[in-house]
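Make a model of the complete structure from these sequences and hints.
So the sequence lines, in the order shown, correspond to chains A and B.
Just so we're aligned, residue 3 is where the first sequence starts under my numbering, counting upward by one.
Just so we're aligned, residue 1048 is where the second sequence starts under my numbering, counting upward by one.
Derived by calculation from the structure, the hints in this document are not laboratory data.
Remember, predicted model here, so these are calculated numbers, not experimental data.
Hints are not guaranteed to be accurate.
Below, simulated DSBU-like cross-link-like pairs (lysine-lysine); rule was C-alpha separation at most 35 Å, straight line [to be verified]:
#1 B:K1130 / A:K26
#2 A:K164 / B:K1130
#3 A:K185 / A:K196
#4 A:K219 / A:K26
#5 A:K219 / B:K1130
#6 A:K164 / A:K219
#7 A:K196 / A:K164
#8 A:K185 / A:K219
Covered, in the sense of this in silico footprint (three residues per stretch, anywhere, with C-beta under 8 Å from a C-beta of chain B), are these stretches of chain A [claimed, not checked]:
#9 200-212
#10 277-288
Ideal placement from N, C-alpha and C gives every residue a C-beta, glycine not left out.
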Amino acid sequence: MPFEPVILFFLLGLLAGVARSDLKIPGVLYESLSIFLLLAIGLKGGIELARYPLASLAGQALVVVTAAALIPLIAFAVLYRMGRLPRADAASIAAHYGSVSVVTFAVAASFLSRMEVAYEGYLVVFLVLLEFPALVIGVILARRAEGQTRWGPMLHEVLSGKSIVLLVGGLLIGWLAGPEGIKPLDRLFIDLFKGVLAFFLLEMGLVVASRLGDLRKAGAFLIGFGMAMPLAGAALGLLVGNLLDLSVGGTVLLAVLFASASYIAAPAAMRIAIPEANPALSIGAALGITFPFNLLIGIPLYHGMAVRLAGEF
Amino acid sequence: MAPKLHPCRLLTVICEADLERPLVSEFHRLGISGHTITDARGQGRHGDRDGLWPPSANIRIEVLCEASVLDALLTLLEQHYFKSYSLVVFVSDVSVLRADRF
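Here's what the structure looks like:
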């Protein structure tokens, strides 16, 4: 089977939603599962981080963050100039695509483990670093033409948002405690991880099914964008991964980070920072198109490309 | 003797959950001493607000306050929130005990 079986839970949720099943996962469970996933991903990254010298990571991180800043700029240019979307909508969607999807990253990591492909555990640091710069770029793009930006509430929303707090918090705890210190927690955070991920994907399937109406509002251009943009992002990620001499697994994860669009941190931040942007468009594209695209087609595709690329060089 | 009831205004706002933080800070700025927030679900002009996940979650905010503060709050909602956010706002006349608390 070329894809990660945990995705079947996503398809089940999607199917249940489309069939108007009475299956409903309460919003509080969504909150609880996302808190668990963010914290567990942070912790795992922190444990891995302890194995690497921090100084050597700083240079890599700078390259990754700079390259990733191109993504919202490209996305904005395409949406605003070619798609003729209003500036606010183009900027908000660009911010979603520039930021990253934690769950897509988790599914990709679990895909790699199943294929027995090793990857650098510290990639989680890049996940954290790529979460928010694009949101700031999105706001600058939206506000270039006119007046005031509510920077205070926006930065507060992003930096104190649960995804940053839990990812960074988990990373620090994992790093300080080290593999031995975290061992007593392994059962909860490592062993149960995949089960919780499956549960979360079931929920996301239901959510995607409930947002399918948004896709009609989005129109053909945005639907095409939702598939073309992750491919462009992944190509950039593969190149940067190669440039940095990452392993095949690490290159795949970087491609997935560059290809994915945020739907946890970005929607809340953009709602406050760019209120006039229509959230149905950004969420419709990021969650309705790009998320399933990456899960079903993207991850195995980027893996295939990374393997070929590694053979070439 | 029956307890003394005082007339008061009750403002109810049903809006997207994302507005909780900004609206609560507006309340603080206007000196409103308290409010009550409950999770809400329903349907309206903005489609199905089913609360499955944060972007489709609604909240219901209730505030008891005196007329002058209420006017300031309504003006603020009209000027800054109605255009870009989904909100339902209504005011009812209610009676309260201990009027000095609101």
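Going through the hints against the structure:
For a cut-off of 35 Å, the pair hint linking B:K1130 to A:K26 stands: about 32 Å separates their Cα positions. About 28 Å separates the Cα atoms of A:K164 and B:K1130, which keeps this hinted pair within 35 Å; it holds. This hinted pair checks out: A:K185 and A:K196 have alpha carbons roughly 17 Å apart, not beyond 35 Å. Restraint check for A:K219 and A:K26: satisfied, since their Cα atoms lie roughly 25 Å apart, inside the 35 Å limit.
For the proposed pair A:K219 and B:K1130, the alpha carbon gap of about 19 Å is at most 35 Å, so the pair holds. For the given pair, A:K164 sits about 29 Å from A:K219 by alpha-carbon distance, which is consistent with the 35 Å threshold. For a cut-off of 35 Å, the pair hint linking A:K196 to A:K164 stands: about 21 Å separates their Cα positions. Between the alpha carbons of A:K185 and A:K219 the distance comes to roughly 48 Å, so the proposed pair goes past 35 Å and is violated.
Closer than 8 Å: that is the beta-carbon criterion, and the stretch 200-212 of chain A has 4 residues meeting it against chain B, so the requirement of 3 holds. Given as covered by chain B, the stretch 277-288 of chain A passes the check, having 4 residues with a CB less than 8 Å from a CB of that chain where 3 are the minimum.
The structure does not agree with numbered hint 8 stated previously, though it agrees with all others.
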